[in-house]
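Protein sequences, first through last, are from chains A and B. 161 is the number of the first residue of the first sequence in the working numbering; add one for each residue after it. 7 is the number of the first residue of the second sequence in the working numbering; add one for each residue after it.
No wet-lab data here; the hints were simulated from the structure. Keep in mind that the hints are not guaranteed to be accurate.
[Unchecked claim] Just a few of them, taken from the derived set where beta-carbon distance is under 8 Å, the chain A residues facing chain B: (1) Leu205; (2) Val298; (3) Ala304; (4) Pro549.
[What the hints assert, rightly or not] So the derived label-pair ranges between C-beta atoms look like this: (5) Glu548(A) to Glu327(B): 52 to 60 Å; (6) Ile120(B) to Gly498(A): 42 to 50 Å; (7) Phe339(A) to Glu327(B): 47 to 55 Å; (8) Arg299(A) to Leu271(B): 20 to 28 Å; (9) Met195(B) to Leu212(A): 56 to 64 Å; (10) Lys183(A) to Thr250(B): 43 to 51 Å; (11) Ala173(A) to Val106(B): 38 to 46 Å; (12) Val407(A) to Met18(B): 56 to 64 Å; (13) Leu178(A) to Lys218(B): 51 to 59 Å; (14) Leu271(B) to Thr263(A): 39 to 47 Å.
A virtual CB, placed ideally from N, CA and C, is assigned to each residue, including glycine.
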Amino acid sequence: MRGRPLLFTSYEADQAMLPTTTKKVMLVLALVVAITLPLQLIPGLRWLGSGLWLSVLAQACIFTIAALGLNILTGIAGQVSLGHAFFMGVGAYAAVILGGTETSILVGYGLPMWIWLPAAGIVAAAVGLLIAPTAVRVRGLYLAFVTIGLVFVGDHIFRNARSISGGFGLGREWPKLEFRLWKEETPLVDFSSAGPWLGIELTRQAKQFLFLLFLMVIFTLIHKNLARSRVGRAFAAIRDRDVAAEVMGVDEVRYKALAFALSSFFAGVSGALLASFFGSRVPEAWDLLLSVQVIAIILIGGAGTTAGVLFGSFFVVTVPRMVENLTAWLAAATRGEGIGASVANFIVSTGPGDFGLVGTSAIGPGLSVFQLNLVLYGALIIIFLIFEPLGLFGIWLRIRNYWKGWPFTY
Amino acid sequence: MTPGVVLAQFGMEGTDKFVFALLNGIGLGAIYALLALGFVIIFKATQVVNFAHGALAAVGAFLAAAFATIYRFPGRLIPDSPEWVQWGLSALFAVAAASVVGLIVERLFIRPMIGEPLFSVAIITVGADIVIRTITDDFIGQGARTMGDPWGITVSNIFGVNINTTQIVTVGVAVVCFGLIALFFRSRMGVAMRATAFDQEAAQAQGIDVGKIFAISWAIGAALAAVAGIFASMAPRSAGVSNTTAFVVFRAFPAIIIGGLDSVLGAVVGGFLVGIAEVVITTYTAGYANILGVGFGGIVPYLLMLGFLLVRPYGLFGTEEIRRV
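Make a model of the complete structure from these sequences and hints.
See the structure below:
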């Protein structure tokens, strides 16, 4: 077997999670780097360990969980859904009912996280099952419209259920990420305030990041195992040819409903985490744009693949941050001299009356940084679908295959 | 459905209330029908689900507002003509410009994707929607820009109730558009488009330039979207074109599904059905906001759609998909 890394002599070996030594080494390396990021040990990667970037990476972990869920439904089972934001919202509100603090107008039972986090997933999965009978009846593009409908109906319910959501424009506070056994005063493990862990002083962002990284790894494992199990193969069969799958004995209705439930479970958990991570959230934030963001993640990463989803979510979540930094840097560059400053001045508008494609202030011409990020989302979706339908994963495959055969072309 | 309509019906009783709701519903339905018609024409001819339809509507509405109020184009060239002619010409130019935007979208984003899965192309239009809508929103800015139409908030009396004149104009323009589309389908180009919709390869074999048909269908679709966008931005529906104008399309989607995704007749019927249902239901549930929630009218189309799909998964006039092994 030595020297023939792609020779598999059994189905188990072929389906192994990490079939080659290189992959094992790379995974361990990546995990070590990720875990030690907050300690800022590696020169050149220290900036990633700063509080700001850690919270960006923590968001990426949350979005990865959401995108893995959508990947089950859209990537593996082939069912188009634009309603992921709705299920994320359902999970978040299930979490806040169970874990939130009660006030005169808001409901909340103040239960610990080990109850509200799984419950968020379970409630979302139950709602997914509830909707499945309608969703299973319609096919293809009709399903896309049904799921858009879900987002709008959900939005209406979230806005109007004031005792749960806090109402339009106001929102409410979510329970913090802290581990309690029951309702005791000091949490057993606190992920949302700075303090020492194993003798190492860690910031709040570092703790949140490590906790969310841990959850992300667990969900990635679940996803990967699901994809290579009987259920995953049934999903793929339905995606590739539903009639043929049925002929082979795959119960289409049952498996489609299962795909909806599983995907909603992931969505629910990530929705609860997202709201808890931000501390508070308004009911209108679970909108179509959030769904599109998750779709963008799996399309840019590469639909159907686990590694692709990881690539995609870190890419999509960090790009807006980079754009912000770049805009700030360009705005600073306009104050310099020479041709560089002129180019920067053309791109950036620093205030009213100054022409530029990107505005640094809300007033004045040019797109705001938020709008620029939106345009980038749209443009990235288009560019990837036209030029690289396999997404970042496809780019990675091409690079890898090039070096595999190097110095020969194939 | 906006506060304007709801406020105006206070104090109405019995038949008047119903007639008022019905007429306003027909006005709203005309807008949905225009949107649905453009959408279905694009879908039938090119097999593309156009999620950028709302963005095209917003582009048309914004350009109409800009031409009519800011640039006074072409009104400033013909200052002696009546006000409605000046505004109508501005709107026409805006519609033409929007259909050019539709052509650009088709050429840049859709043409390279011919032969790709339907879903990929649909998501491309989602991307196009975000790009176009964000840039348009930036031009519109915060708040609403008035359309500058000569009718404003004037009312006319029909069947004993006072209806906004804009509603009548909307229905009139919509009927003219439907007539033009019907005529177009009888023309040489229209027959070619129907042939393309039926079978692209066979159409090509008969010498039809399918690429040209794609472009024309996008231009027509975008133009219809722009017309709908313009009338959706007028009183009593809204104060003007704003960042939410594009979302009117999301309420026209149910009309498309109810009528059937691939039926031109279904689009028109579905549009009016949804429009009337939305306004009538909103009118008669106005007192139950504490149970149904504020803004219940906005989700009526979706609830209708979900209910309809349970009974008829392919809509009223849609072709049932035959699953072959």
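Hints versus structure:
1. Leu205: violated, 32 Å
2. Val298: This hint holds: Val298(A) lies near chain B, its Cβ roughly 5 Å from the closest one there, short of 8 Å.
3. Ala304: holds, 7 Å
4. Pro549: holds, 7 Å
5. Glu548(A) to Glu327(B): 52 to 60 Å: violated, 30 Å
6. Ile120(B) to Gly498(A): 42 to 50 Å: holds, 46 Å
7. Phe339(A) to Glu327(B): 47 to 55 Å: holds, 50 Å
8. Arg299(A) to Leu271(B): 20 to 28 Å: holds, 22 Å
9. Met195(B) to Leu212(A): 56 to 64 Å: Since Met195(B) and Leu212(A) have Cβ atoms about 57 Å apart, the given range 56 to 64 Å holds.
10. Lys183(A) to Thr250(B): 43 to 51 Å: Given a distance of about 48 Å, which is inside 43 to 51 Å, the answer is holds.
11. Ala173(A) to Val106(B): 38 to 46 Å: Distance hint for Ala173(A), Val106(B) is violated at roughly 58 Å.
12. Val407(A) to Met18(B): 56 to 64 Å: holds, 60 Å
13. Leu178(A) to Lys218(B): 51 to 59 Å: holds, 52 Å
14. Leu271(B) to Thr263(A): 39 to 47 Å: violated, 54 Å
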